[in-house]
Structure formats: C-alpha cells, structure tokens
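Chemist: Which chain is which? The protein sequence lines are A and B, in order.
Everything in the first sequence is counted per the working numbering, starting at 436 for the first residue and increasing by one.
Everything in the second sequence is counted per the working numbering, starting at 2 for the first residue and increasing by one.
These are calculated hints, taken from the structure and not from any lab test.
Misleading hints may appear alongside valid ones.
Here are the simulated distance ranges between beta carbons [to be verified]:
no. : chain 1 : residue 1 : chain 2 : residue 2 : range
1   : A       : N506      : B       : T94       : 21 to 29 Å
2   : B       : K77       : A       : E449      : 44 to 52 Å
3   : B       : K69       : A       : R520      : 36 to 44 Å
So, partial list: chain A residues that the calculated Cβ filter (under 10 Å) puts toward chain B [as the list claims (entries may be wrong)]:
no. : residue
4   : Q441
5   : M475
6   : G477
7   : D491
8   : S532
9   : Q541
10  : F543
11  : G546
Virtual Cβ for every residue (Gly too), placed ideally from N, Cα, C.
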Amino acid sequence: DAGVIQSPRHEVTEMGQEVTLRCKPISGHDYLFWYRQTMMRGLELLIYFNNNVPIDDSGMPEDRFSAKMPNASFSTLKIQPSEPRDSAVYFCASSSSTGTGIKETQYFGPGTRLLVL
Amino acid sequence: GQNIDQPTEMTATEGAIVQINCTYQTSGFNGLFWYQQHAGEAPTFLSYNVLDGLEEKGRFSSFLSRSKGYSYLLLKELQMKDSASYLCAVRRTDKLIFGTGTRLQVFP
Numbered sequence: 436d437a438g439v440i441q442s443p444r445h446e447v448t449e450m451g452q453e454v455t456l457r458c459k460p461i462s463g464h465d466y467l468f469w470y471r472q473t474m475m476r477g478l479e480l481l482i483y484f485n486n487n488v489p490i491d492d493s494g495m496p497e498d499r500f501s502a503k504m505p506n507a508s509f510s511t512l513k514i515q516p517s518e519p520r521d522s523a524v525y526f527c528a529s530s531s532s533t534g535t536g537i538k539e540t541q542y543f544g545p546g547t548r549l550l551v552l
Numbered sequence: 002g003q004n005i006d007q008p009t010e011m012t013a014t015e016g017a018i019v020q021i022n023c024t025y026q027t028s029g030f031n032g033l034f035w036y037q038q039h040a041g042e043a044p045t046f047l048s049y050n051v052l053d054g055l056e057e058k059g060r061f062s063s064f065l066s067r068s069k070g071y072s073y074l075l076l077k078e079l080q081m082k083d084s085a086s087y088l089c090a091v092r093r094t095d096k097l098i099f100g101t102g103t104r105l106q107v108f109p
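Input sequences plus hints: build the corresponding full structure.
Modeler: In structure tokens:
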C-alpha cells in the first residue's frame, strides 16, 4: 500500500493568498483526519471525516479554514486568506473502523510544510 | 475537557533504559496510543493500550493505569536511532488528543 499521500510537500506563499492542501487516504479507510503541528502547540486536530462526512470541525481555527472530502479517496484543506501565523506542518491521517488488529490506529501522511510570508 | 502532560525533553545513553511518562485528564477515554516522530517526519504508531497493564513489543513496552490516568513508554537497549519525539495520545470517541510530546536524545 502506498500509505497516506499528501501534496504539496512544501508550500511557500505570501500573506493573503489562498492555499490548498491535498490528501489521499489509505484505500479502504473510512476515517480521515487533518492535523496542524507547531512547536508551540504540538499536534492539534483540526477536523475529521467519517465516510466523507465531516464529524467534528471544532478544531478549525477560524472561518479562513475549510475542508472538504468529495469522495473516499480525496480531501482538501483550504486556507483563504492565509496569514503568517498559519505557518505550520499540516498532516493528514486515516484509519479504519473495520478489520482486525488495532483498527483504530491512525496512519499519518508525510505532511505539508507551509510557510506564509 | 482534556489535559495530557509529558516531560518536554529527556536524555539517555546508548544501551540504557528510559521511561517516558504521560498523565492525562479527560472526560472520555477509549484507549491510549504512543507515537514516535523523528525530526521532519510524520508520527508513526508504536503502541496501544486500552486495558490496564503492560504491553510489550520488542524493545518497547507501554503501561496503562486507567484509575490513575497514567501511562508510560519504556524503551530498552537504547539505540541512537531512538532519538526522536514520543507523543502520547488519548483516544476520545473517534479522535485522538495528543500531548505536546517528549523529545528524547540518545547519546553514545
């Protein structure tokens, strides 16, 4: 399996620009999570989906952030307009609610390193 | 609410044993995870405890006491490649709440 795929791996943009981060979960996984990681705040959950439906978006910092999951194999996290304080590493993770073993384990993608100037 | 505490940094010597503690207070609990994260990389799964007791997995072991809101990760026969951050995470319903992580440095 290819694992969770994220793109781009690095993004440098200017304040005010729109940023779109992309994620492809592991095939067959029905949960998808978006996290943000900074030195100050650690790893924070922004939003998660189950079967393409947003379940909990209480971690989304403000209206500038939005996330979609149009199908089981693709999700986007959009920041519009971006601000310097959005600079962080954004991780996507997926997990499965079925199967054997530790089915709740979340598998993380490589992350997108975002720098907003 | 939830509160998860871990030491910020720890150091140890190659070949030694180190214990990383995690205490938590949460309104819901469905298990505790430990993840390893090397610098510049994604977190990777290490262990999962849902019942009290010790889970052993090679050089790594994880312990849980639900009544005390306490867990630890035990790393034996430390190797240089074990230098990384170790994240404790509490599962609450479908989501994980992460601690800020413990950065472990292993010296020769």
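Chemist: All hints are to be evaluated individually against the structure, with a verdict given for each.
Modeler: Now the hints, each set against the structure:
1. Between A/N506 and B/T94 the Cβ separation comes to about 24 Å, which falls inside the hinted range of 21 to 29 Å.
2. A hinted range of 44 to 52 Å holds for the C-beta pair B/K77 and A/E449, which are about 49 Å apart.
3. At roughly 37 Å, the beta carbons of B/K69 and A/R520 sit within the given window of 36 to 44 Å.
4. The restraint placing A/Q441 at the interface with chain B holds, with a minimum CB-CB distance near 9 Å, inside the 10 Å limit.
5. For A/M475, the shortest C-beta to C-beta distance to chain B is roughly 9 Å, which falls under 10 Å, so the interface hint holds.
6. Hint on A/G477 holds. Least Cβ distance to chain B is approximately 4 Å, under the 10 Å limit.
7. Because the closest C-beta pair between A/D491 and chain B is about 6 Å apart, less than 10 Å, the hint holds.
8. Of the supplied interface hints, the one on A/S532 holds, with its beta-carbon coming within about 8 Å of a beta-carbon of chain B, less than 10 Å.
9. Restraint check, A/Q541 versus chain B: the minimum CB separation of about 6 Å is within 10 Å; hint holds.
10. Taken as an interface hint, A/F543 checks out: its beta carbon lies about 4 Å from the nearest beta carbon of chain B, inside 10 Å.
11. Checking A/G546 against chain B: minimum C-beta separation of about 6 Å stays under 10 Å; hint holds.
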